[in-house]
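With the first letter of the sequence shown counted as 1, position 93 gets the number 104 in this note's numbering; the numbers rise by one all the way through.
One thing to keep in mind: the hints can contain errors.
Said to hold, decoys possible - No more than 30 Å apart at the CA atoms, straight line, and that leaves these computed lysine-lysine pairs for BS3-like:
1) K38 to K66
2) K25 to K66
3) K103 to K122
4) K103 to K25
5) K122 to K66
6) K66 to K54
7) K38 to K25
8) K54 to K25
9) K17 to K38
10) K119 to K54
11) K66 to K103
12) K119 to K66
13) K38 to K54
14) K38 to K119
15) K66 to K17
16) K25 to K119
17) K54 to K103
18) K122 to K54
19) K119 to K103
20) K122 to K38
No wet-lab data here; the hints were simulated from the structure.
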Amino acid sequence: MDTDRKDTNIQIGKRLREARRNMNIDKVEIAEVLGVTVEHYRKFEAGSTGLSVDKILILYRIYGIDPTYLITGVSSNAMEFNLEYYVANSSKEQRDLFFDRVLAYVSKLIK
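Please construct the entire structure, taking both the sequences and the accompanying hints into account.
Below you can see the structure in the form of structure tokens.
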């Protein structure tokens, strides 16, 4: 593996680890969602194995991890999140999913 690719994988792995920790998700859960072993997932976070596009899309769809941020370190959503705007401009299903995720996140934090 060339040096640039290795450095990129390491940076992506660091951002992935940070996102996982921020959401209080353990390695076993995220490995299961990605369809890999925990050891293989550890290699993603260490940067010794690169994430494929399909794995990045799974992380986005399931956990909302911004692919642009994961790859570049720069969020694709430069403006602040506006809860009132989101609630006013989303479907009931989107709001329910959002609040379910917020409650699950808070629940994990207080355990």
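Hint check:
| no. | hint | verdict |
| --- | --- | --- |
| 1 | K38 to K66 | holds (15 Å) |
| 2 | K25 to K66 | holds (16 Å) |
| 3 | K103 to K122 | holds (28 Å) |
| 4 | K103 to K25 | violated (35 Å) |
| 5 | K122 to K66 | holds (28 Å) |
| 6 | K66 to K54 | holds (13 Å) |
| 7 | K38 to K25 | holds (14 Å) |
| 8 | K54 to K25 | holds (11 Å) |
| 9 | K17 to K38 | holds (22 Å) |
| 10 | K119 to K54 | holds (25 Å) |
| 11 | K66 to K103 | holds (28 Å) |
| 12 | K119 to K66 | holds (24 Å) |
| 13 | K38 to K54 | holds (11 Å) |
| 14 | K38 to K119 | holds (14 Å) |
| 15 | K66 to K17 | holds (18 Å) |
| 16 | K25 to K119 | holds (21 Å) |
| 17 | K54 to K103 | violated (38 Å) |
| 18 | K122 to K54 | holds (28 Å) |
| 19 | K119 to K103 | holds (24 Å) |
| 20 | K122 to K38 | holds (17 Å) |
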